[in-house]
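Peer 1: Using the hints, position chain Z against chain E.
Chains as they are written, first to last, in this note's numbering: chain E, 1 to 112; chain Z, 1 to 113.
No lab work stands behind these hints, which were simulated from the structure alone. Yeah, the Cβ is synthetic: ideal placement off N, Cα and C, and Gly gets one too. Any given hint might turn out to be false.
[To be verified] Sample of chain E residues lacking proximity to chain Z, with all beta carbon distances greater than 10 Å (derived):
(1) Ser7
(2) Thr14
(3) Arg22
[What the hints assert, rightly or not] Below 16 Å or equal to it, Euclidean Cα-Cα: the simulated EDC-like pairs (lysine to aspartate or glutamate) are:
(4) Z/Lys100 <-> E/Glu100
(5) Z/Lys68 <-> Z/Asp49
(6) Z/Lys100 <-> Z/Asp31
(7) Z/Lys71 <-> Z/Asp55
(8) Z/Lys100 <-> E/Glu54
(9) Z/Lys68 <-> Z/Asp31
[To be verified] Per the computed footprint, the stretches of chain Z lying under chain E, defined by three or more beta-carbons under 8 Å from a beta-carbon of chain E, are:
(10) 44 to 53
(11) 99 to 113
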Amino acid sequence: DAGVTQSPTHLIKTRGQQVTLRCSPKSGHDTVSWYQQALGQGPQFIFQYYEEEERQRGNFPDRFSGHQFPNYSSELNVNALLLGDSALYLCASSLPGNTEAFFGQGTRLTVV
Amino acid sequence: GESVGLHLPTLSVQEGDNSIINCAYSNSASDYFIWYKQESGKGPQFIIDIRSNMDKRQGQRVTVLLNKTVKHLSLQIAATQPGDSAVYFCAENIARGDDKIIFGKGTRLHILP
Numbered sequence: 001d002a003g004v005t006q007s008p009t010h011l012i013k014t015r016g017q018q019v020t021l022r023c024s025p026k027s028g029h030d031t032v033s034w035y036q037q038a039l040g041q042g043p044q045f046i047f048q049y050y051e052e053e054e055r056q057r058g059n060f061p062d063r064f065s066g067h068q069f070p071n072y073s074s075e076l077n078v079n080a081l082l083l084g085d086s087a088l089y090l091c092a093s094s095l096p097g098n099t100e101a102f103f104g105q106g107t108r109l110t111v112v
Numbered sequence: 001g002e003s004v005g006l007h008l009p010t011l012s013v014q015e016g017d018n019s020i021i022n023c024a025y026s027n028s029a030s031d032y033f034i035w036y037k038q039e040s041g042k043g044p045q046f047i048i049d050i051r052s053n054m055d056k057r058q059g060q061r062v063t064v065l066l067n068k069t070v071k072h073l074s075l076q077i078a079a080t081q082p083g084d085s086a087v088y089f090c091a092e093n094i095a096r097g098d099d100k101i102i103f104g105k106g107t108r109l110h111i112l113p
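So that you can see chain E by itself, here it is in the shape it has in the complex (with noise of 0.2 Å):
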């Protein structure tokens, strides 16, 4: 069981630019999570996706969004990147109504 895998492991981009960042679960997970993690802070919340519709959503705006196949992968895209997005974008499956989660890797986001 590879876990949770998330490509590509590092990222870097300038500002405007748009980035799409992929997801895929652990194996006989369907949901996924995305969070993203700022230098020395804790994951924040973004959005939850669960059969390929957004779930949930965090204090993020809306050029933040996602999208999830049918083999429960997802993509997390960025639009209009500013510096401030520069962070971890961590990936997180679990199955539905529970609460334990399984992190990827992340990527690490670095925008110039």
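Peer 2: Relative to chain E, chain Z alone:
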């Protein structure tokens, strides 16, 4: 409000001693609490959890205590080992059916030789 905070940002403990990491939360409606360990370059790793209807739960070398009266949570690690060096986060889930996990800022645990 929905906030989880920690008392100390850094904790240094002698190898072999017990570690106690504390956490305060503000939402009395929180139903479920989790401790995560995050090593450098890795995502958070689940350690132990506790529901609001319990006040203590034990795992392998770890114990979580919940005091709902003062909204306080602690993680005790017995016989601390070098591999325990990491940042520890307490996190809360507000209610059943709401899978959103709210993390605190974290405590870095240093193990002294």
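Peer 1: Can you confirm whether the C-alpha distance between Z/Lys68 and Z/Asp31 stays at or below 16 Å?
Peer 2: 10 Å, holds
Peer 1: Verify that the Cβ of E/Ser7 lies farther than 10 Å from every Cβ atom of chain Z, and report whether the claim holds or is violated.
Peer 2: 14 Å, holds
Peer 1: Given the hinted pair Z/Lys100 and E/Glu100, is their Cα-Cα distance within 16 Å?
Peer 2: The hint holds at about 11 Å.
Peer 1: Can we confirm that no CB of chain Z comes within 10 Å of the CB of E/Arg22?
Peer 2: E/Arg22 clear of chain Z: closest Cβ-Cβ about 15 Å, beyond 10 Å.
Peer 1: Given the hinted pair Z/Lys100 and E/Glu54, is their alpha-carbon gap at most 16 Å?
Peer 2: Holds: Z/Lys100 and E/Glu54 sit about 12 Å apart, inside 16 Å.
Peer 1: Does the alpha-carbon distance linking Z/Lys71 and Z/Asp55 stay inside the 16 Å limit?
Peer 2: The hint holds at about 11 Å.
Peer 1: With a C-beta cutoff of 8 Å, work out whether three or more residues of the stretch 99 to 113 of chain Z approach chain E closely enough for the coverage to hold.
Peer 2: That given contact holds, which follows from 8 residues of the stretch 99 to 113 of chain Z lying within Cβ reach (below 8 Å) of chain E.
Peer 1: Evaluate the condition: distance from the CB of E/Thr14 to the nearest CB of chain Z exceeds 10 Å.
Peer 2: 25 Å, holds
Peer 1: With a cut-off of 16 Å on the C-alpha distance, tell me whether Z/Lys100 and Z/Asp31 pass.
Peer 2: Given pair Z/Lys100, Z/Asp31 holds - Cα atoms ~12 Å apart, limit 16 Å.
Peer 1: Just to make sure I understand the rule, a stretch counts as covered if three or more of its residues have a C-beta closer than 8 Å to a C-beta of the chain. Does the stretch 44 to 53 of chain Z meet that for chain E?
Peer 2: holds (count 4)
Peer 1: Within 16 Å, alpha carbon to alpha carbon, are Z/Lys68 and Z/Asp49?
Peer 2: Answer holds: Z/Lys68 to Z/Asp49 is near 15 Å, not above 16 Å.
Consistency with the previously given hints is maintained throughout, with no hint failing.
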